[in-house]
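Q: Chain residues, written in single-letter form:
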Amino acid sequence: MSDSLPADSVGLVTPSHLHIDKPLALDCGRTLPQFDLIYETYGTLNAEKSNAVLICHALSGDHHAAGFNSLEDRKPGWWDTAIGPGKAIDTNHFFVVCPNNLGGCKGSTGPNTINPETGKLYGPDFPIVTVADWVKSQAILADSLGIHKWAAVVGGSLGGMQALDWAITLPERVGHALVIAAAPKLSAQNIAFNEVARTAIKSDPEFHEGRYQEFDTVPRQGLGLARMLGHITYLSDEAMGEKFGRELRSGKIQYGYDVEFQIESYLRYQSSSFVERFDANTYLLMTKALDYFDPAKEFDDDLTQAVKAIQAKSLIISFTSDWRFSPLRSLEIVDALLSAGKSVSYAEIEATQGHDAFLMPIPRYMEIFASYMQQVAKEVNS
Amino acid sequence: MTLRVDLQIISDWIPDNAHVLDLGCGNGSLLKHLQQRNVTGYGLEIDNSKFSECIAGGVNVIQADLDEGLSQFGDQSFDFVILSQTLQAVKRPDFLLREIMRVGKQGIIGFPNFGHWQCRFQLGLRGKMPVSKNLPNAWFDTPNIHLCTLKDFEKLCDQYGFSEVNRSVVNHEHKDTLGIRLLPNLFGQIAVYLIHNGNS
Numbered sequence: 215m216s217d218s219l220p221a222d223s224v225g226l227v228t229p230s231h232l233h234i235d236k237p238l239a240l241d242c243g244r245t246l247p248q249f250d251l252i253y254e255t256y257g258t259l260n261a262e263k264s265n266a267v268l269i270c271h272a273l274s275g276d277h278h279a280a281g282f283n284s285l286e287d288r289k290p291g292w293w294d295t296a297i298g299p300g301k302a303i304d305t306n307h308f309f310v311v312c313p314n315n316l317g318g319c320k321g322s323t324g325p326n327t328i329n330p331e332t333g334k335l336y337g338p339d340f341p342i343v344t345v346a347d348w349v350k351s352q353a354i355l356a357d358s359l360g361i362h363k364w365a366a367v368v369g370g371s372l373g374g375m376q377a378l379d380w381a382i383t384l385p386e387r388v389g390h391a392l393v394i395a396a397a398p399k400l401s402a403q404n405i406a407f408n409e410v411a412r413t414a415i416k417s418d419p420e421f422h423e424g425r426y427q428e429f430d431t432v433p434r435q436g437l438g439l440a441r442m443l444g445h446i447t448y449l450s451d452e453a454m455g456e457k458f459g460r461e462l463r464s465g466k467i468q469y470g471y472d473v474e475f476q477i478e479s480y481l482r483y484q485s486s487s488f489v490e491r492f493d494a495n496t497y498l499l500m501t502k503a504l505d506y507f508d509p510a511k512e513f514d515d516d517l518t519q520a521v522k523a524i525q526a527k528s529l530i531i532s533f534t535s536d537w538r539f540s541p542l543r544s545l546e547i548v549d550a551l552l553s554a555g556k557s558v559s560y561a562e563i564e565a566t567q568g569h570d571a572f573l574m575p576i577p578r579y580m581e582i583f584a585s586y587m588q589q590v591a592k593e594v595n596s
Numbered sequence: 007m008t009l010r011v012d013l014q015i016i017s018d019w020i021p022d023n024a025h026v027l028d029l030g031c032g033n034g035s036l037l038k039h040l041q042q043r044n045v046t047g048y049g050l051e052i053d054n055s056k057f058s059e060c061i062a063g064g065v066n067v068i069q070a071d072l073d074e075g076l077s078q079f080g081d082q083s084f085d086f087v088i089l090s091q092t093l094q095a096v097k098r099p100d101f102l103l104r105e106i107m108r109v110g111k112q113g114i115i116g117f118p119n120f121g122h123w124q125c126r127f128q129l130g131l132r133g134k135m136p137v138s139k140n141l142p143n144a145w146f147d148t149p150n151i152h153l154c155t156l157k158d159f160e161k162l163c164d165q166y167g168f169s170e171v172n173r174s175v176v177n178h179e180h181k182d183t184l185g186i187r188l189l190p191n192l193f194g195q196i197a198v199y200l201i202h203n204g205n206s
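Protein chains in written order, with the numbering used here: chain A, 215 to 596; chain B, 7 to 206.
A hint or two may mislead.
Claimed, not checked - The calculated lysine-lysine pairs, modelled on DSS-like cross-linking and capped at a C-alpha distance of 30 Å, are: (1) K38/B <-> K181/B; (2) K157/B <-> K181/B; (3) K363/A <-> K38/B; (4) K522/A <-> K111/B; (5) K592/A <-> K111/B; (6) K522/A <-> K38/B; (7) K522/A <-> K263/A; (8) K236/A <-> K363/A; (9) K263/A <-> K334/A; (10) K38/B <-> K592/A; (11) K38/B <-> K263/A.
Unchecked claim - Distance windows between CB atoms, simulated: (12) N143/B <-> E409/A: 26 to 36 Å; (13) D222/A <-> Q128/B: 50 to 60 Å; (14) E456/A <-> N143/B: 52 to 62 Å; (15) E286/A <-> K97/B: 55 to 65 Å; (16) D222/A <-> N143/B: 34 to 44 Å; (17) Q42/B <-> S487/A: 49 to 59 Å; (18) K56/B <-> A523/A: 25 to 35 Å; (19) T245/A <-> K97/B: 50 to 60 Å; (20) E170/B <-> E593/A: 36 to 46 Å; (21) E456/A <-> E170/B: 51 to 61 Å; (22) E456/A <-> F146/B: 26 to 36 Å.
If you are wondering where the hints come from, they were derived from the structure by calculation, not from laboratory data. Bear in mind the structure is a predicted one, so any value in this text is a computation, not a measurement. Think of the CB as a built atom: it goes at the ideal place given N, C-alpha and C, for glycine as much as any other residue.
Make a model of the complete structure from these sequences and hints.
A: This is the structure in structure tokens:
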């Protein structure tokens with residue numbers, strides 16, 4: 215990056231740590247005897263502790279949502295487009311908290327951390343955690359920061375599911391829920407894609423039943439393939455066409471099986487860089503958390519009943535070219551909130567970028583996002 | 007904030023604490039105004055910039071196309087469903103009217119009166135499609151594709167068994183003149199009806 219940080223950046227940030235020495239009972243029936251959460255914060259918590267915004271990350275995200283961890287960083291945090299001074303989530307007004315979820319691989323307790331009971335890495339023995347478990351652990355983080363109620367809980371994709379779950383399960387602790395490019399549960403097709411990704415990882419000979427670290431190796435092929443597949447579902451046909459078309463790397467057809475089309479090269483690059491920064495066991499766990507998410511299940515599959523308890527006002531946003539969680543999936547949430555008579559707004563954003571659009575600075579998206587958050591700021595400061 | 011003429015009439019008909027649905031809510035000014043009286047509900051709007059104004063004003067707004075109906079809403083789920091100055095712009099006003107009366111206990115429908123003498127004059131005597139302050143577009147680019155007169159609208163309501171609870175007919179200055187009182191279909195420019203299901 216350049217020598218100076220952009221003016222609308224939160225600047226240099228250092229992650230914080232929370233160690234909880236109390237057991238956490240999980241949905242799967244198992245208990246974590248103790249756990250750590252790594253998180254970042256941006257902005258300043260006001261005296262009333264009423265201006266806190268929780269950011270929930272998606273499948274491959276982490277606690278580094280905005281700013282730079284060092285001046286050498288090439289790229290800012292994953293949602294820097296939306297978080298910063300003067301941005302949609304304006305750090306001049308809000309105190310923003312973004313933790314790495316349990317089961318993650320960036321510093322919170324997960325498969326690549328030490329199991330205190332064995333003194334060895336958890337690896338595949340790390341219990342499968344759910345969206346509801348994440349919400350529970352994030353609530354403990356909120357308690358530790360003295361935040362009783364979030365001004366807003368915000369997330370895209372799997373992060374949006376957490377925002378929805380927060381509003382449902384801890385209604386008095388959420389002022390606003392912003393549920394972006396999400397769904398109330400995965401479809402059979404969504405689960406099918408996840409299963410292909412998991413099969414890719416598990417069938418890699420280097421996987422060793424998830425104990426690859428003990429063998430000092432990584433299931434590169436499998437994790438890379440899973441990422442390639444995932445990446446295809448994050449983009450749209452249109453976005454891929456615009457970006458790569460049928461462009462050839464060398465300019466002409468080679469009649470061979472090496473990388474020829476630019477899209478092939480791009481996918482390989484994406485997968486190899488992902489393998490360097492992500493853990494295969496975490497990937498498996500995150501896809502399971504997605505598959506299991508279904509807040510209506512406890513309510514006879516009636517989402518309207520599930521959202522009855524919500525006290526938060528909601529903003530639901532979808533993107534036209536998102537085929538992973540299409541606008542129709544967001545509308546399922548909207549319809550349930552409407553039937554339950556809840557305060558809700560819904561925007562469908564014209565975008566060619568597919569599911570990934572939620573991370574992009576699309577002008578209309580950012581305008582609506584910012585306007586909404588300005589209203590939240592007004593409420594907090596009034 | 008001063009409300010548009012028709013919206014002022016509508017606002018006066020809505021009691022405190024009511025639950026309303028405003029179809030084609032524009033920049034949300036009516037809902038914003040009604041919020042002060044504890045009226046809850048939603049606006050539906052398809053236009054991007056008006057939609058953004060609703061969000062900026064703290065009004066609940068759902069981006070939706072009225073031509074697709076109101077299937078997301080349950081029967082009789084609102085005290086009032088409002089459709090102001092939009093009936094004439096939808097593909098099937100009859101279908102939307104029935105949808106309004108399905109989801110609302112009462113419906114409030116406002117529209118420009120195509121029976122106004124100026125319209126009649128322009129079409130009848132000058133032989134041209136009417137253009138006026140309320141209907142400013144030329145025939146080829148107007149969003150107003152299903153214009154009607156007071157009589158036409160009342161006939162449609164009759165047909166479906168919707169009865170008139172209240173009616174306000176004014177000119178565009180919100181004035182109720184003697185002419186309008188005597189011959190509303192000739193002198194009224196804006197009509198707003200409060201209707202409900204069944205016979206009153």
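Q: All hints are to be evaluated individually against the structure, with a verdict given for each.
A: Quick rundown of the hints versus the structure:
1. Of the supplied pair hints, the one linking K38/B and K181/B holds, its CA atoms being roughly 24 Å apart against a limit of 30 Å.
2. Between the alpha carbons of K157/B and K181/B the distance comes to roughly 20 Å, so the proposed pair stays at or under 30 Å and holds.
3. Between K363/A and K38/B the alpha-carbon distance is near 26 Å, which keeps this suggested pair within the 30 Å criterion.
4. A distance of roughly 22 Å separates the Cα atoms of K522/A and K111/B; the hinted pair therefore holds under the 30 Å criterion.
5. Between K592/A and K111/B the CA atoms are separated by roughly 34 Å; this puts the pair beyond 30 Å, and the hint is violated.
6. About 25 Å separates the Cα atoms of K522/A and K38/B, which keeps this hinted pair within 30 Å; it holds.
7. Distance restraint check for K522/A and K263/A: the Cα-Cα separation of roughly 27 Å lies within the 30 Å cut-off, and the hinted pair is therefore satisfied.
8. At most 30 Å may separate the alpha-carbon atoms for a hinted pair to count; K236/A and K363/A meet this at roughly 22 Å.
9. Restraint check for K263/A and K334/A: not satisfied, since their Cα atoms lie roughly 39 Å apart, outside the 30 Å limit.
10. For the proposed pair K38/B and K592/A, the alpha carbon gap of about 15 Å is at most 30 Å, so the pair holds.
11. Straight-line distance between C-alpha atoms of K38/B and K263/A comes to about 28 Å, which keeps the hinted pair within the 30 Å bound.
12. Between N143/B and E409/A the beta carbon distance is about 54 Å. The supplied range of 26 to 36 Å is therefore violated.
13. A hinted range of 50 to 60 Å for the beta carbons of D222/A and Q128/B is consistent with their spacing of about 54 Å.
14. For the pair E456/A and N143/B, the supplied restraint of 52 to 62 Å is violated, since their beta-carbon distance comes to about 35 Å.
15. A hinted range of 55 to 65 Å holds for the C-beta pair E286/A and K97/B, which are about 58 Å apart.
16. The beta-carbon spacing between D222/A and N143/B, approximately 42 Å, falls within the hinted interval of 34 to 44 Å.
17. For the pair Q42/B and S487/A, the beta carbons lie near 54 Å from each other, so the given range of 49 to 59 Å is met.
18. Between K56/B and A523/A the beta carbons are some 32 Å apart, a value that agrees with the proposed interval 25 to 35 Å.
19. A hinted range of 50 to 60 Å holds for the C-beta pair T245/A and K97/B, which are about 58 Å apart.
20. Remark: the range hint 36 to 46 Å for E170/B to E593/A is upheld by a beta-carbon distance near 41 Å.
21. Between E456/A and E170/B the CB atoms are about 54 Å apart, so this pair conforms to the stated range of 51 to 61 Å.
22. Remark: the range hint 26 to 36 Å for E456/A to F146/B is upheld by a beta-carbon distance near 34 Å.
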